[in-house]
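> In the numbering used here, the protein residues as written are 164 to 552.
Just so you know, the hints here were simulated from the structure itself, not pulled from any lab data.
Hints may contain errors.
DEER-style ranges, computed between Cβ atoms [to be verified]: (1) GLN424 to ASP355: 16 to 24 Å; (2) GLN392 to ASP447: 57 to 65 Å; (3) GLN424 to GLN246: 20 to 28 Å; (4) GLY234 to ALA199: 23 to 31 Å; (5) GLN360 to ASP447: 31 to 39 Å; (6) LEU251 to LEU433: 50 to 58 Å; (7) ALA498 to SER269: 22 to 30 Å; (8) GLY412 to GLN454: 27 to 35 Å; (9) GLN414 to GLN392: 54 to 62 Å; (10) GLN444 to SER409: 36 to 44 Å; (11) ASP430 to GLN365: 41 to 49 Å.
Beta carbons are placed, not taken as given, at the ideal position from N, Cα and C, and that holds for glycine.
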Amino acid sequence: MRRYLEPAPAEPNAYVQFLSRWWWVLVLVTLLGIGATAAYALLGPTTYVSTATVLVPSNPTASGEGQGSPGQVRTAAQNYAAQASTPLIFDLLSAALSQRQISVSSRELTEMAESGRLAVRAATSANIIRITANAEDPNLARTLADTMATVFVDSVNGGTGTAVQQTRQRLSEQIEATRLQLSTAELYQRQDELSQQLRAEQEVYVHTLQLLNAPEGNALVSDPALRAQLNQTVRQQEQQIQQRISDLGRQLTEVQTAIAQSPTPLDPALATALANAYRQQLTDLSRSFVQLEIQGPTGGLPLQRYGDASEPLPAGGLKTLLIVGGGATVAAALAIAYLMELVSRRRSNRAASGQDVSQGSVPALAAPAEGEPSTGGRKGRRRRLFSAG
């Protein structure tokens, strides 16, 4: 008996008969469903949605871990969006909401994120992150989105601010160390220059003494007055040379004393090459430090708020809700009509079976006429189920 009740695809005329018998069920259930959907959309609770936007700047950060190309910016935005859905951010968000007299636990925020009521998504073609919050209270939806954006940006930028301070400290230490090394290298250079100048002055002094004491030079000048003037000139030159030698010696002594007190001794043979290298390194470090100072406390941070959260709007429109509800209602109407068809056929079969038993005979199945397609088997029984009326 159950095999006669098994549903199966029917012929087109069987579907038409099915619709002609149960059209009123389809119409009634569909109208009721659409009416209930419209009533829920108009009179039921409304969910509001608010969106906050976070900007991922394309310029490198002050800590040197910035993103420059568009691909790097989008990758950074996706990484930051994933970071926003971590328990740490939810804990910070729960604490920030409690300060606004809103009691939402970190677990509840996690459940909202899993259900899609609190979502963080990075735009696929832009360097922005959208934080969307859904709630029945419009003010709560906007507060959730706005507070989460603030907490998220502060958390990321706070870590970056620490990195900026560490970078500034590191640059300062490197600049000071390089300055000392450059000063020592320049002292060695100065010592070499003073030594060369001192040797040159000493050679001039020796040559001057030779001219002054040479007998052949005095013999060439027969005039005593001219000879006395010449000797006076040479002696003045001698005094000047002695003064320069004394100054060079004093400067050389000062340089050697500074070299002895320098904390970074160098090889005198490499002083010139090292001095050039230290000058270039000091220039690069100073440029980096100046750029860091120009950026200021917020110029190189990885995230920036882009305005406040948007005005809360209804999450779903009436048209969309009616389309979805109408489709679901039509499917339910078909299922109810089909179930009523099965119940009706089953009752008919039971009634026919009881009548045959009361008469003491069971009707035999008629053999198909010649040329007529056989209706035997499961397929034939399914066809009779929809065609019998």
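> Each hint needs a verdict: does it hold in this structure or not?
Results of checking the hints against the structure:
no. : hint                         : in the structure
1   : GLN424 to ASP355: 16 to 24 Å : holds (18 Å)
2   : GLN392 to ASP447: 57 to 65 Å : holds (60 Å)
3   : GLN424 to GLN246: 20 to 28 Å : violated (51 Å)
4   : GLY234 to ALA199: 23 to 31 Å : violated (49 Å)
5   : GLN360 to ASP447: 31 to 39 Å : holds (33 Å)
6   : LEU251 to LEU433: 50 to 58 Å : holds (51 Å)
7   : ALA498 to SER269: 22 to 30 Å : violated (42 Å)
8   : GLY412 to GLN454: 27 to 35 Å : violated (45 Å)
9   : GLN414 to GLN392: 54 to 62 Å : violated (33 Å)
10  : GLN444 to SER409: 36 to 44 Å : holds (37 Å)
11  : ASP430 to GLN365: 41 to 49 Å : violated (26 Å)
Consistency with the previously given hints fails for numbers 3, 4, 7, 8, 9 and 11, ordered from lowest to highest.
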